[in-house]
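2 protein chains.
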Amino acid sequence: MLQSLFEPRSVAIIGASTKELSIGNVIIKNLQKFNFTGNIYPINPKAPDVRGIKAYKTISDVPEDIDVVHLVIPPDRVPDAIEECGRVGVKNVIINTAGFKEMGEHGAALQNDFVARGKKYGVRMFGPNCQGIINTDPEFNAYCDFTFTYPKPGNISIVAQSGGVGAVIMQNIFDLDVGMRMYASNGNACDISIPEIIKYWGDDDETKVIILYIESLDDPGYFMDVAREVAAKKPILAMNAGRTLEGAKAATSHTGGLAGGIVTDLIFKKTGILSFKDTQEMCQAAIAFAAQPIPRGKRVGMITNTGGPAIIATDELVDGGLEIPELSAKAEEVLKKTMFASASINNPIDVVATAGAPEFRSALDVMMNEEQIDSIYINFVTPPFVDCESVAKEFAEVSSKRIKPIVCNYMTDKAQWVETTKILSDGGIPFYDFPGTAAKALVALTKYYELKSRDKGTIPDFKDINADAVSAIISKAKAEGREILSSFEVYAILDYYNIPTSEWFIAENKADAMLGAEKIGYPLVLKADAPELVHKSDAGGVVLNLASAIAFSSAVAQMSQKFSDIKHNYFIQKFMPGGKELIIGAKSEKGVGHMIMFGMGGIYVEVLKDVCFELAPISDTEALEMITSIKMYPIIKGVRGEKGLNIQSIMDVILKISKLVQNHPEILELDLNPVMAFENSVAVVDARIKI
Amino acid sequence: MLQSLFEPRSVAIIGASTKELSIGNVIIKNLQKFNFTGNIYPINPKAPDVRGIKAYKTISDVPEDIDVVHLVIPPDRVPDAIEECGRVGVKNVIINTAGFKEMGEHGAALQNDFVARGKKYGVRMFGPNCQGIINTDPEFNAYCDFTFTYPKPGNISIVAQSGGVGAVIMQNIFDLDVGMRMYASNGNACDISIPEIIKYWGDDDETKVIILYIESLDDPGYFMDVAREVAAKKPILAMNAGRTLEGAKAATSHTGGLAGGIVTDLIFKKTGILSFKDTQEMCQAAIAFAAQPIPRGKRVGMITNTGGPAIIATDELVDGGLEIPELSAKAEEVLKKTMFASASINNPIDVVATAGAPEFRSALDVMMNEEQIDSIYINFVTPPFVDCESVAKEFAEVSSKRIKPIVCNYMTDKAQWVETTKILSDGGIPFYDFPGTAAKALVALTKYYELKSRDKGTIPDFKDINADAVSAIISKAKAEGREILSSFEVYAILDYYNIPTSEWFIAENKADAMLGAEKIGYPLVLKADAPELVHKSDAGGVVLNLASAIAFSSAVAQMSQKFSDIKHNYFIQKFMPGGKELIIGAKSEKGVGHMIMFGMGGIYVEVLKDVCFELAPISDTEALEMITSIKMYPIIKGVRGEKGLNIQSIMDVILKISKLVQNHPEILELDLNPVMAFENSVAVVDARIKI
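Each protein sequence line maps, in turn, to chains A and B.
Numbering that gives the first Met the number 0 puts the first residue of the first sequence at 0, with every later residue one more than the last.
Numbering that gives the first Met the number 0 puts the first residue of the second sequence at 0, with every later residue one more than the last.
None of these hints come from the bench; they were simulated from the model.
Hints are not guaranteed to be accurate.
Just so you know, same-sequence chains aren't split out, so a pair can sit in one copy or run between any two.
Below, in silico cross-link-like pairs of lysine-lysine (DSS-like), each with a Cα-Cα straight-line distance of 25 Å or less [said to hold, decoys possible]:
| hint | residue 1 | residue 2 |
| --- | --- | --- |
| 1 | K446 | K392 |
| 2 | K28 | K413 |
| 3 | K18 | K535 |
| 4 | K535 | K642 |
| 5 | K630 | K518 |
| 6 | K151 | K413 |
| 7 | K608 | K636 |
| 8 | K566 | K689 |
| 9 | K446 | K561 |
| 10 | K276 | K630 |
| 11 | K232 | K335 |
| 12 | K232 | K45 |
| 13 | K573 | K248 |
| 14 | K297 | K276 |
| 15 | K297 | K400 |
| 16 | K119 | K28 |
| 17 | K455 | K233 |
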């Protein structure tokens with residue numbers, strides 16, 4: 000595993016430099032400044048020593064086994080250096096040098112070369128084009144990195160594909176006066192990967208929270224396996240970087256991996272990672288996660304010694320889906336006795352600016368005792384006429400019981416209220432400079448609770464499907480080199496999975512069409528069926544509501560004439576008016592599996608983009624969540640006295656499609672558009688499958 | 000004006016106290032600590048001196064004219080104290096004491112009492128239940144407040160109804176090492192109001208930006224007049240506090256004024272105030288406004304020395320509606336020569352981590368020279384191997400030209416990079432700890448540009464209206480004590496304003512109904528018309544699409560029977576099928592005028608709440624903005640090859656309704672629901688007016 004990387008006993012620097020403003024010097028300075036407990040070996044062919052430490056001409060000259068070697072040499076020299084490291088049994092190499100895969104073909108070739116050589120010797124490689132690692136454990140004090148923040152020990156571990164973002168996060172946690180456990184920024188990630196690091200931290204007891212910044216996933220499947228396993232043990236907070244098209248473009252231009260947007264967010268959600276849009280919000284949530292228990296619900300008790308910030312906090316908490324419920328009569332009884340006359344004695348409890356330790360403590364005790372309160376939000380401005388240290392001590396004491404989480408909007412000049420600040424800090428009270436910021440941290444804690452405690456549901460095991468028959472259809476089409484399945488194949492597949500379709504029949508000629516029409520019964524839909532006719536509706540290849548044999552026959556005749564130059568069949572379907580159009584789709588994402596889409600069809604999907612996505616395999620709970628999460632759900636449920644649609648039937652189609660693409664990963668794209676939904680049933684009326 | 004309040008030469012404290020932890024002591028301490036340039040007069044009946052300053056027994060004993068008196072005495076003693084202040088010619092009284100209007104009836108009576116007495120003598124009153132004012136102008140150094148932040152002089156002035164929020168904002172600006180000009184937090188605002196303060200700062204040349212926190216508007220009309228005038232001169236940034244229902248409830252419980260939500264935001268928008276949801280975001284925007292010019296467009300040039308933060312910044316900028324355009328070929332030419340080989344030479348320009356002053360400067364010059372770039376965003380991490388001070392000097396020098404605004408995500412440990420930080424700070428570069436934060440500040444600058452430069456349009460002056468006739472209808476109904484106008488009155492009003500309605504006729508009996516029907520022509524709609532029948536559609540009082548005299552006659556007979564116990568008329572309308580339902584409404588807001596609503600009717604308004612609001616009077620530009628801003632606008636414009644609706648006709652109805660409620664402010668509520676809209680016309684088919 001990664002123990003020798005994060006807990007090194009010896010670090011060598013190939014490219015150690017005597018120049019102050021150089022990476023080969025800064026890394027040694029950092030190891031010294033951070034009091035690295037192991038040995039440092041500068042490697043420099045000329046200098047006798049670097050930063051006062053004896054230097055060696057080559058790595059082979061070092062008289063000890065080396066856990067970590069930094070490479071700070073030009074890219075062209077890296078492969079040989081790694082070969083040499085391999086020969087002398089170096090365990091890990093951190094390749095700080097840039098100029099590899101990120102720089103085009105020549106760089107990629109170099110990277111492939113050194114990776115192959117490293118693997119030959121079993122050297123683990125970290126980077127290239129990267130910062131390195133930090134471990135604040137006093138047993139190691141390992142600062143194998145050229146960055147500049149010197150964190151104190153703590154419980155937050157940070158892994159960032161981008162060194163810049165990693166630096167921002169580490170510095171901010173430091174600025175917030177909160178400790179950090181380990182840090183890793185592995186750039187191109189040629190060997191040691193982010194999932195591997197997360198897995199390692201999953202087993203590290205001192206890591207209570209993991210902060211993740213990732214721009215692209217090279218192996219989404221492995222990432223998902225690890226994330227699911229670790230997120231079950233401890234919170235993982237992650238940025239969804241590249242969530243806009245432009246941002247995703249910027250991200251993919253780095254690595255070519257799967258980047259940004261919906262898929263990343265779905266992966267995060269599916270595996271239990273808490274996703275953030277804002278780095279600061281993520282950092283500020285992390286310090287709450289590191290210090291406080293997880294709430295068991297969304298009901299907040301608010302205590303404030305000033306009115307305005309309570310309004311702002313209320314806005315933010317309510318926006319985040321939290322509630323600020325009324326307190327019990329019993330609680331009011333207590334508060335009537337303990338609060339000043341000018342106080343507000345419900346939720347929020349406004350203890351007023353003159354409140355001291357006894358008033359705050361009573362309010363805290365009430366919130367701790369109230370059954371309908373899950374977490375506590377405090378606005379604490381430090382009035383110059385109040386003994387704030389005593390107030391802070393009460394916060395710390397109540398917090399130490401770790402019953403309900405406490406966050407605090409702490410409005411003060413920390414340079415003046417030094418002792419008060421220290422009491423809060425030592426007491427593990429996460430405090431923030433703004434009401435909205437503190438509120439957002441509490442929202443994040445609560446969202447994590449909901450993510451963890453949410454009923455994941457079960458993935459049904461359908462008995463009424465014939466997967467072998469579908470495999471045969473797909474294999475045949477593949478063998479024939481076809482990407483788009485014929486209507487016959489598509490509807491056959493749906494039938495084999497018992498996905499309801501409107502009754503259908505395919506005829507090769509007019510006579511058969513008439514027979515088929517009689518068999519199904521009027522009214523009917525007639526479609527011209529040919530692989531070339533992708534947009535058949537626009538091309539006039541669809542006629543709806545043919546109510547009689549005469550109308551049908553005439554439509555067939557017209558169609559036959561219209562598409563006389565294209566070899567086509569007649570696709571005949573029962574016409575099903577009066578339903579609502581739904582759209583259900585699936586799309587294969589490399590390494591992830593399939594993304595399933597659900598929405599209301601027609602203008603809703605076109606104008607409102609009112610669709611939602613989920614990764615297969617989908618559980619019953621998730622299928623229901625998809626249906627209820629779209630904006631038009633009230634239409635599905637029924638509004639204005641209108642009866643709703645049959646939700647169970649819709650769920651069944653979603654679940655069957657999820658099963659279908661899981662069983663047959665060869666399906667690249669599948670569209671059921673529309674699915675007509677009624678009060679008691681649903682039926683697919685148009686479908687397309689691409690393999 | 001407020002000069003004697005904000006530029007006091009003498010300050011007395013009635014209730015001056017020798018106790019360190021008391022407001023009457025803290026205010027004197029603050030004046031001393033801030034080096035107040037005028038005289039301080041502690042008023043204390045017993046102590047010979049307070050904090051080393053000679054005390055006087057009463058205000059009458061003070062040997063000088065007093066500009067500002069603080070009252071820090073129990074509420075019951077305030078009226079007499081103000082009377083005494085009035086008698087000796089005190090100009091301003093800051094009533095720090097709480098326990099007035101905010102505390103119920105007795106407090107309100109006390110407040111009314113002292114306000115009356117103060118007005119009698121011409122004393123201006125600030126507060127009660129408030130902090131006070133601060134002026135950092137070195138000529139005054141007036142710290143008439145009991146808060147704890149000691150700001151340095153600057154260009155941001157802050158006014159906050161809530162002292163707590165005021166303290167948060169002031170402290171944060173201070174923490175950001177940015178100067179402040181003036182501060183005011185006036186609590187209950189019994190006399191000196193927030194608009195008055197804003198107006199005063201509008202004329203203060205040293206105030207470049209105003210930050211506003213307001214929870215409720217006592218006199219929205221006056222507020223709007225002042226805001227419009229001042230916002231035209233300098234940016235006003237404001238929190239929309241109470242934007243959620245729960246938050247608004249918390250806000251109104253303070254003062255009973257107009258609070259929060261949509262109306263506040265509409266007032267802000269209408270008057271040119273930049274509205275924020277987040278206090279931190281507002282503060283961070285303020286420091287950019289204080290130091291940088293306003294961009295002339297939304298095209299950002301990004302310069303970065305690290306990849307990841309550029310992705311996050313891109314997400315945030317694009318989310319905020321900004322663009323990151325390609326650079327010109329000419330710019331690329333220059334950059335090819337000046338950048339390192341590993342740099343990216345388009346937008347964003349990634350100068351790479353090893354870039355020093357020459358590389359950054361060249362990138363900055365390119366962005367400054369590019370015509371298609373309006374503002375510059377910099378990600379600057381401070382690599383320990385780069386001469387960062389020289390880089391910062393280039394930023395400062397380019398910024399000093401004040402051509403395009405620059406914001407900087409400055410990723411560093413400020414305790415180590417002290418000199419670099421100072422160069423940026425002195426150079427007026429607004430810098431931030433996170434890419435998202437810096438991006439949001441730039442988004443705010445750009446939004447302000449758009450707000451200022453937006454075409455306000457013109458309010459049309461309709462000739463085809465008969466306002467006198469409408470006034471007569473409303474007066475008559477008022478005289479008869481009616482609140483809801485009859486259908487006849489409503490449709491008459493619409494006709495007098497030439498607002499198209501579907502042709503209508505009101506009949507008192509069956510025979511007249513038949514005549515009316517013949518006159519209009521089939522198909523028709525028949526409605527039972529009576530004041531009691533508010534939800535006539537649900538009650539079966541509406542029959543659509545009566546295509547013949549027989550059908551019509553039978554419907555009249557059935558309706559006559561159904562509502563035999565209610566005296567009703569028959570409201571007959573031309574049936575107009577095939578249009579799209581719109582909804583247009585107006586609602587009177589106390590002191591603000593009318594709020595006009597527009598949306599698509601039916602499920603769109605019920606399920607999607609797809610409506611927008613604007614304050615009357617509405618200009619042509621605003622009417623068009625309303626129509627284009629709803630989510631379903633593509634339907635109005637025409638989608639999927641369908642023809643759209645007649646936008647000019649819809650605009651006309653909105654503008655006429657705006658004119659109607661402006662001419663007739665007695666109209667409290669007006670609903671046109673639905674207005675049927677077609678390719679070439681619109682027609683109101685149901686309407687309601689409440690006076």
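Failing hints, ascending?
-> Violated hints (numbers, rising): 1, 3, 5, 9, 11, 12, 13 and 16; every other hint is consistent with the structure.
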